[in-house]
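Residue numbers (the UniProt record's numbering), protein chains in the order written: chain A, 1 to 649; chain B, 1 to 649.
One thing to keep in mind: the hints can contain errors.
Any copy, or any two copies together, can satisfy a pair, since identical chains are not distinguished.
Below, computed lysine-lysine pairings styled on DSS-like, alpha-carbon distance capped at 25 Å [said to hold, decoys possible]: (1) 586 - 432; (2) 626 - 504; (3) 504 - 432; (4) 504 - 586; (5) 626 - 586; (6) 444 - 504.
Source of the hints: derived by calculation from the structure; they are not laboratory data.
As the structure is a computational prediction, the values presented were derived from the model and not from experiment.
In case you want the letters, here they are:
2 protein chains.
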Amino acid sequence: MTVNTPALQRALDGRWAATRDDVRAQMGQLSLDPDPDLSTEEYRALTTENLRGLAESGRPQQGFDPAYGGGGDVGGVVTAFAMLGYGDLSLLVKAGVQWGLFGGAVQVLGTSRHHDEYLRAIMNGELLGCFAMTETGHGSDVQHLRTTATYDPATQEFEIHTPDAGARKDYIGNAARDGRMAVAFAQLITGGETHGVHALLVPIRDEDGQPMPGVTIGDCGRKAGLNGVDNGRLVFDHVRVPRDALLNRFGDVSEDGTYSSPIANETRRFFTMLGTLVRGRISVAGGAVTATEKALALAIRYGATRRQFAEPATGEEVVVLDYLVHQRKLLPALATTYALHFAQAELVADMHDLQAPGADAPEAAQRDLETRAAGIKAVATWHATAAIQTCREACGGAGYLTANLLPQLKADTDVFTTFEGDNTVLLQLVAKTILSDYGRRVAKLDVVGKARFAADLLGGMVAERTGVRAVLNRGDLRDRAHQRRLLVGREEHLLAGAAQRMRKALAPGADQFGIFNGTQDHLIVAARAYVDRIVFDAFAAAVEQVEDTEVRALLEVVRTLHALSVIEGDRAFFVEHGYLTAGRAKAVTQAVNTLCGELRPHARTLVDAFGIPEARLACPLLDGEKDASSAVTDPAPSDEEPSDLASVG
Amino acid sequence: MTVNTPALQRALDGRWAATRDDVRAQMGQLSLDPDPDLSTEEYRALTTENLRGLAESGRPQQGFDPAYGGGGDVGGVVTAFAMLGYGDLSLLVKAGVQWGLFGGAVQVLGTSRHHDEYLRAIMNGELLGCFAMTETGHGSDVQHLRTTATYDPATQEFEIHTPDAGARKDYIGNAARDGRMAVAFAQLITGGETHGVHALLVPIRDEDGQPMPGVTIGDCGRKAGLNGVDNGRLVFDHVRVPRDALLNRFGDVSEDGTYSSPIANETRRFFTMLGTLVRGRISVAGGAVTATEKALALAIRYGATRRQFAEPATGEEVVVLDYLVHQRKLLPALATTYALHFAQAELVADMHDLQAPGADAPEAAQRDLETRAAGIKAVATWHATAAIQTCREACGGAGYLTANLLPQLKADTDVFTTFEGDNTVLLQLVAKTILSDYGRRVAKLDVVGKARFAADLLGGMVAERTGVRAVLNRGDLRDRAHQRRLLVGREEHLLAGAAQRMRKALAPGADQFGIFNGTQDHLIVAARAYVDRIVFDAFAAAVEQVEDTEVRALLEVVRTLHALSVIEGDRAFFVEHGYLTAGRAKAVTQAVNTLCGELRPHARTLVDAFGIPEARLACPLLDGEKDASSAVTDPAPSDEEPSDLASVG
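Next up, chain A with everything else stripped away, as it sits in the complex:
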């Protein structure tokens, strides 16, 4: 099988291939390899300069409303944003704060008065701003933020106030150095009544960069990574802003203080507002995928030239990527990265179609998008954390040197697992949604269906011992439909079990917190199984659409390796519940080994097809490629100890 790299790249590039090519070319014009000894201030200044360079390119504008000079290309701009993951992640995050979070909030939570006044200045980077949501005391539980925005009809102003230390806005990007304005999230109070969290535009610095009266700005200082981003803290001491500072698409206050909203229910309104911000979460997942791709490109190319330990028969030192244990570290991670790449592309396309100007997205479709975004964000960022760590280790001491790029990738992406929604909390959210959907599906069943369903639920253990699942113990592990049956079987099983456990909480006098708390780990696993299945489906669907037969054949092997390594990773579940016999589970492990060997000759092609600009990978780690043809042969001393295992220093 010879695979044409450009053809494979076309499959990966997908719908926004032209945008990807533009960004590849553009990345050559930015300073994306900051001197690692830059001070925090110097790195921040460089990142701000790069941000202005991005603004000048016109690229970020593409995501905004065409009525204000934007391109209306939401999918393109999110794709382009993620491509920055091949370069400097501080720039990626700073751009995400400015245009995705700050600009995005003004676009989707504001109305024409805000768009008229601010959108152009935001797009072209004249007005730098913050997304001031998280507080020191409330991160995951946004609904209970404590900052207040109290309406004063006498002056027709809101008073923004930080009532206690826990209500301080914290970890806010663009706050410590550059931001002039913040979209501040606060409990809206008018006429003594609270209407839940709303967003308001609050100036935080004047033209000279001095804090506005009543605004105290702090600096979060040095971080594990992303030190080009100026994260800071904001405390508001009775800061007054005009009535029209309220981003009033989903809730407004009239001059006399009367509150109105198109969505009567407070919680529903809150979730609708949050839902419009889904782009941020999708963008983080995209950045996690590209950063992982870069790390894998480095580690796999290094592994394909690095030699260590001589093969006794020939005396020639073995390329480390020819060792099974080395393949096992990198190739399943590569396969999963492919899966996430395609799942992410599908998510971006769906978001684009739902959020395109003029599109009137049905609520169910929007909710489904949010659920998938939350799940894929959690899985993609945890995968990034684990895979980049593995890539570092696979490069040994060289991988620890900043010059070889992996340390920065590791440190910068580390926070992805907890920002834009803590992954554990996100998976609980996913679990809750899929559980509700499941309940609705059950509710729609007729009498016979309900009876069968109840029997399934109660008879779970019985079914495990009967022939119901025997079919899963036959069939070809390489067959797409068979892989899917296993993944779906696990998902449905876990969902049914979770539903059964949660139903106990409905009994009178039940210890609701205790039951919910005791089910948490089960819910997380169920959510994970759901995400694994939708990622698999997205990957499989993308592969089916590839026309080049060699590329499709290769991608089918990659899909199989991904699916079987997911199944292998949770094979205890499959065996415990009768989906695989012990022998079949061992066959899965053996198949993963075999598939690693099959993909080994294509490893370089698979990472080249990401189309990462060569300048973004240039580092001493890859110097070995220059003389990879001159293999070192070394006559091993024929002694009583096999030299290929033993020498360790």
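Following the hints, complete the assembly by docking chain B onto the known chain A.
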């Protein structure tokens, strides 16, 4: 159960409790919280200053030969060294390079002529040095280093030479800035014959700090962490050193160039030399354990005050450590850290007894120590990497701020998994040794024993289906003996399987490399099972010796959580091979949940008992402890969506 923290600390402190207390007091006198914005040069200078402070304390001297003013307290000095993991890990590593690697090599590979001339200056920090083993092209495969030391009888000198770019000494601590001398490892050549790797003392800088003639010194630059350590590169261009620069305990060259050694076999000599350096590997494991303890102390104390999401019934926000998913992240990791703490203490004590001045360690005992050291180093450093990562995530955005100490712990310990022996290679080494021991055990069996053994091997699958393992499906999961039976069962099973697979390589015409390579993942798993068992044994033995009944009872719960979480982590194996039924495997998972709940009230006690100086934990993350008594109550809006799951920002 009320547990007395000092009594628990005494159990943890063990044999070198007094040393630990001394170091705790001493840590207040060093600058251990470097400004995170220090330049690389400033941080290196600070670390060197701290190193001199350590030398003045007299502590490092305690590990050296009393004949030269040392204390002969190997165990004490390794214990003290590991305690630096509560402070600044750059200092820990720099001290390890100076006294453990450089000084240790002079002590154990040199003879009196070297001891007389250098030991005092090394101990008191006047002579700073390097351990120049690793080369750019050879890290794990030390036996095939390419630097040469060629004897010239005409001048009675060795010529040290770097023959090619791959032979450059790389990642060498103390090389880039401070080192005056290096213990350089090179292929010793005399009379045209090579005698394998030997160590020689090579001056690399003169009194003014300038490189010696023929020595080119490079700088590895910024790293992911440990930036207080000046890692560098050394290239030797026909550098001449006198004949007595050879550290000649295990191999010498006479004036006329005749080679002699007390160990005739070259490979055996090489491994004997390397074996004497086991202290470095044990020290790294110790540092990994203390760093993990510090990270857990931070995350658990934070989790015990941080509140998020209100309990619907009361409206009171829940302390995050009361959530099962949060306990699941931290408490099994804490239990395993306890296990590793005790296993490490046992290892240090055994090393002390074997290496004490005058001790004449039997070779088998030394080899066993090396095997255990390699295995525990691999498991402890991987555990550190994973657990510190989890601690960071468990603290959310706060955990990402350098001020909160976790980022530095993460970055500094990251390289532990690949230095002093790459973990994967170390586990292969362990596998090889335990496999040889297994072979010897089999060889000693009588005819009946051999027949039974062969039947066991060949009948593996049969045994799985018979009643042999049924006993493991009964018994109390909390029972120490039962836990051990499961761990031993897995270890023996994997070992037997590996032996069976490797025997195929002995067949005439067998593809040795292919068979070996295909078995690599099996070998790694077998080694891991061995390490899990010895760690369990060490923990269990230590618990048995505790006299305080409350402390012992608590530690038994901790031991059970550790054992069951190890078993849960590999429960696919136990189910696939009939050691646990599916139902019993689920019971293991349930028991882990229950044990987390049982240990929750003792979580603070368990981390306090590490006795980490409070000044080393002081950071904004723990500010919540100051007002932990004032719980925030927040009446949750009773709306259609349960607020404790849904709000995510």
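Hints versus structure:
1. Proximity of residue 586 to residue 432 under the C-alpha cut-off of 25 Å is restricted to the inter-copy arrangement: shortest distance 23 Å between copies versus 34 Å within a copy.
2. When the C-alpha separation of residue 626 and residue 504 is checked against a cutoff of 25 Å, the pair qualifies neither within a copy, at 65 Å, nor between copies, at 39 Å.
3. Within a single copy, residue 504 and residue 432 get their C-alpha atoms as close as 15 Å, which meets the 25 Å cut-off; across copies the closest is 52 Å, which misses it.
4. For a Cα distance limit of 25 Å, the shortest separation of residue 504 from residue 586 across copies, 19 Å, qualifies, whereas the shortest one inside one copy, 37 Å, does not.
5. When the C-alpha separation of residue 626 and residue 586 is checked against a cutoff of 25 Å, the pair qualifies neither within a copy, at 41 Å, nor between copies, at 53 Å.
6. In this assembly of identical chains, the alpha carbons of residue 444 and residue 504 lie at most 25 Å apart only when taken from the same copy (21 Å versus 59 Å across copies).
The structure fails hints 2 and 5 (numbered hints given earlier, in ascending order).
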